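**Student:** Okay, here's what each chain looks like letter by letter:
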Amino acid sequence: MGLHERDLQTVNKRLPLKDAHEKVTGVHEFPYDFTVPGMLYGRILRSPHAHAQIRRIDVSKAEALPGVIAVITHKDVPAEEWIGLWTNYRGCVMDDKVRFVGDEVAAVAAIDIRTADRALELIKVEYDILPHVLDAREAMKPGAPQVKTSGNNSKDVVLVKWGDVEQGFREADVVVEGATLNNAQDQATFSRNSPIASWADNDTKLTLWSGCTAPSELKDAVANLVKLPKSSVRIVALPTGPSLGKWWFNNLEMMTVYLAKKAHRPVKIVLRQDEVFAGIKRRHIEYTTGRLGVMKDGTMVSMEVNDIFDNGAYGDKNDIFQSLSELWPRVNHGYFEMYGVSTNLVTAGCMRGVGDLTMNFALEVLIHKAAEKIDMDPVELRRINAAKAGDPCRGQDIHHELFGSHLPYPEKVVISSCAMDECLTKGVEEFGWKRRWGGWSSTNKSSGPVKRGVGMATAMHVCGIRYTGDCGAIVKVNADGSANLMVSLGRQGNGNDSTQCQIAAEELGIPYDMISIDCNDTNVTPWGQGSTASTSTYLSGTATREAARDAKRKILKLAESKLDESADNLDIKDGVIFSKTHHNKRIPITRVLEDKIPDFWELAKQPCIVGSTVTNVPDDQIPKHVAAHFVELEVDTDTGEIRLLDYLQVQDSGRLINPEVCENQLNGGYYQGVGFTLIEELVHDDMGRILNPNFAHYKIFRCGDLPDPKIHFIEQDDPVGPFGAKGLGEAPICVPPGAIALAIYNATGVWMTETPFTPERVLKALGKI
Amino acid sequence: MKKSNKIVVSLNVNGLTYEVLAEPHAKLLEVLRENVGLKGVKSGCEEGECGACAILLDGEPVTSCMMLAGAAVGKEIVTIEGLAKGGKLHPLQEAFMKYHGMQCGYCTPGAIIAAKGLLDKNPNPTDQEVRDGFSGNLCRCGSYPKMVKSVLEAAKVING
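Same order as they appear, the protein sequences are chains A and B.
Position 436 of the first sequence, counted from 1, bears residue number 436 in my numbering, the numbering being contiguous throughout.
Position 95 of the second sequence, counted from 1, bears residue number 95 in my numbering, the numbering being contiguous throughout.
Note that these hints are calculated values from the structure, not bench results.
Certain hints may be false.
Unchecked claim - Computed cross-link-like contacts, BS3-like style, restricted to lysine-lysine with a CA-CA straight-line distance of at most 30 Å:
| hint | chain 1 | residue 1 | chain 2 | residue 2 |
| --- | --- | --- | --- | --- |
| 1 | A | Lys13 | B | Lys156 |
| 2 | B | Lys3 | A | Lys61 |
| 3 | B | Lys149 | A | Lys710 |
| 4 | A | Lys710 | A | Lys13 |
| 5 | B | Lys149 | A | Lys699 |
| 6 | B | Lys85 | A | Lys18 |
| 7 | A | Lys426 | B | Lys98 |
| 8 | B | Lys3 | A | Lys124 |
| 9 | B | Lys156 | A | Lys18 |
| 10 | B | Lys3 | B | Lys88 |
| 11 | B | Lys3 | A | Lys18 |
| 12 | B | Lys98 | A | Lys13 |
| 13 | A | Lys148 | A | Lys75 |
As the list claims (entries may be wrong) - Residues from chain B shown here face chain A by an in silico Cβ test under 10 Å; the list is partial:
| hint | residue |
| --- | --- |
| 14 | Ser4 |
| 15 | Tyr18 |
| 16 | Ala22 |
| 17 | Lys42 |
| 18 | Glu49 |
| 19 | Glu94 |
| 20 | Phe96 |
| 21 | Gln103 |
| 22 | Ile112 |
| 23 | Val148 |
Unchecked claim - Covered stretches of chain B, as calculated for chain A (at least 3 residues, CB under 8 Å):
| hint | region |
| --- | --- |
| 24 | 32 to 41 |
| 25 | 77 to 83 |
| 26 | 134 to 141 |
Nothing here was measured: the structure is a model prediction, and the numbers come from that model.
Heads up, the beta-carbon is just placed ideally off N, CA and C, and yes, glycines get one too.
With the rest of the complex left out, here is chain A:
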């Protein structure tokens, strides 16, 4: 267990969410609930074709409809492309081409939704249909339809490599290979972001309210596009509802900005549920092949992964690689190559666990296969090779190359902490693995159609990445000893606003209920990465802690004269300033902060205590969070149905800031990760139309569909994270497919390699259909 320099008062405590009362009383205001005076409603006309040139577009009848205030087409938006920092979008707001079924063609602002919908029907568009391509592997071939405005459909390869894998495979006792295909998962969120844009002062000021999770990044993108100073663009990030990456931010916000500009009124664009599924973004479809070479003693010697993923129409990523090599850094030879490819499907972008869910599945199956070949317990093979603190962190250099090539790169970059070994030990013990795992030869003995099996797998994910901007934080202390924290997070519902308050309260030495947070208004907060890439606890949390420390230093400086002690010898706990050595020297924090005028209730002479900082975390020690999962399940070999019986997660996220929040995150990773593995798939036809853009046909798990997961944490302090904490939210979704695939193999003797493992695919794998 990690050690702390003092007893913790608010960190590591099961405290309620800061916004819990709002949520249980129904007053928590999501974008769909939010209005501003004078607001119009906007609707979007979307393309019925996967790829087409707009020959002619006539909006005159729509404009003439009473109640319609403005109509925009590609002629009303900049000819230049906009790009999100994390390359989830690269393209024009609209141009004279459409690149997927659902691409934006026009938008209408009207006095109500019904009028806007009628106006959409009056817009006449003539298209010249172009050939389309839906499969990433096809889109890479010479002569494939050109999806992007310029450059190849396939982005430049991203490589992480060391040693010589071919030599490694020659040296290995055993080499296994395999391929996986991951179909598209959707975030499947029933919160429908409805951004509202409002221009003011003769179009020199812009406010945008949106359920987004990266408000600072959105402000930069909008300010660059509309060419206003960043001080004149204000983003207010409203609660997103379930996001999982869907509402990071999208072209939807840009459409709203230009529709409001033309309408000269505030406009709120309202989406239908099918647009949320088929018109925003989803997880990538990925084709992964790999080879793994091991020695008979279990040493992995050579590891190769080739990954091709589709970006859809406007995704522009090639860096979805996050942590695959870092989990196995001890392998002598490694080669990981990734291609991001544009296709004429709805845009793909960051969804919870991006890259590490999909590529990790391929690699976990290879590790299982290698373990079988050398007849070794799959846990043991992982234990022999898993990362430990101080091991090389090789994937960092691609982020450096992409985002920070102008900055110096450290000589040695290492993983700051990794308790995979302890996670495996704990999992084996709590799950009873040795009792339940009967060895490779001993699959299910039942003669009936229902076969039982056990499995396990591992994963690692980032705690944010370096070189995509640092996070700032401000702590303002009030005269009564309470404090306001300002840090850019957005409001995704992952509890990170509460977590940040716990960090600040702990460092400042005041109770949790004496601190409030503003985390969503770019006019208030400094720049921050927001709630993305499991980074807020680590990066923003480091800034929050340092800003609180800065404020505390200023308070203690003022206390010096009152206590006749050096500030270095003073500290604050529970709102009381005390001497570390003279126990009788104690004064409430208010004695320093407020100097009330006698007999007057409020007016007081108050010092201005503001602590501020920008994160300055090391770029040579990189925290990663890791997880090991264990599962028992049944496969009905007559119907192909899979039923989970027992599931156990062990995770290392360093010190937990709020165990309740952390457990909920693991519950969510489990439901979404098992959903990805077993049932969730966005299906499209050969014209690129999404066939199941609704909850009737895109199923997600309901309460009672799965057994509750058992959850354990290995709480070891990370040396760089705030109070030893690391990221948490994404590793849990990355493990289920590898663990479930092994359990199915254990039960039936077949490997499932295409997700989701639907009954139909299971029966095909069993050779029954």
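Take the given structure of chain A and dock chain B to it, following the hints.
**Tutor:** Frame of chain A; chain B shown alone:
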């Protein structure tokens, strides 16, 4: 100018009577949110799958997106806003706060309403009965385990 075909709908919501002017085909969800102003009734999938818009109609949890406002005339409607009395939260609301029966909060009002519908009829439900009670409420954050715990703990408080 086209003559309006709106109708007057009289609704009993959280113990008060509201007379609203609405299209004959207006959904109860829309009228509760836009005419009565109760936005704790969340608009989710609007196709009866997610349960975010759940209300109690004569004590039964129903999805308000799937019925016309006119069909609720003469019935007692309870929304999430009707649970707290005199500023004091219902034990379910207290339990959801204390045991973190939520993450993003989008499904929370509908889930608490479904749980109230259950506890009003079955004050001492089993774990499985609570899960069955949530069969109409999707939680994409996957907070189900703590939602179930919250209901079981609230039941203990209600039963004294």
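**Student:** Quick one, are lysine 98 of chain B and lysine 13 of chain A close enough, alpha carbons at most 30 Å?
**Tutor:** holds, 12 Å
**Student:** Assess, step by step, whether the Cα of lysine 148 of chain A is no farther than 30 Å from the Cα of lysine 75 of chain A, and give holds or violated.
**Tutor:** holds, 19 Å
**Student:** The hint names lysine 42 of chain B as touching chain A; please verify it with the least Cβ-Cβ distance against 10 Å.
**Tutor:** holds, 7 Å
**Student:** Is lysine 426 of chain A close enough to lysine 98 of chain B, meaning Cα to Cα at most 30 Å?
**Tutor:** holds, 28 Å
**Student:** For the pair we were handed, lysine 85 of chain B and lysine 18 of chain A, check the Cα-Cα distance against 30 Å.
**Tutor:** holds, 22 Å
**Student:** Between lysine 710 of chain A and lysine 13 of chain A, is the straight-line Cα distance small enough, at 30 Å or below?
**Tutor:** holds, 20 Å
**Student:** Regarding the pair lysine 3 of chain B and lysine 88 of chain B, is the alpha-carbon distance no greater than 30 Å?
**Tutor:** The hint is violated at about 46 Å.
**Student:** Given valine 148 of chain B as an interface hint, is the shortest Cβ-Cβ distance to chain A below 10 Å?
**Tutor:** With a closest approach of 7 Å, the valine 148 of chain B hint holds.
**Student:** Would you check chain A against the region 134 to 141 of chain B, counting CB to CB pairs closer than 8 Å, and say if three or more residues qualify?
**Tutor:** holds (count 7)
**Student:** Does the nearest C-beta of chain A fall within a distance shorter than 10 Å of the C-beta of tyrosine 18 of chain B?
**Tutor:** violated, 17 Å
**Student:** Given serine 4 of chain B as an interface hint, is its Cβ closer than 10 Å to any Cβ of chain A?
**Tutor:** For serine 4 of chain B, the interface hint is violated, since the closest Cβ of chain A sits about 13 Å away, which is over 10 Å.
**Student:** Below or equal to 30 Å on CA atoms is what counts here, so check lysine 3 of chain B against lysine 124 of chain A.
**Tutor:** holds, 29 Å
In summary, the numbered hints that this structure violates are 10, 11, 14, 15, 16.
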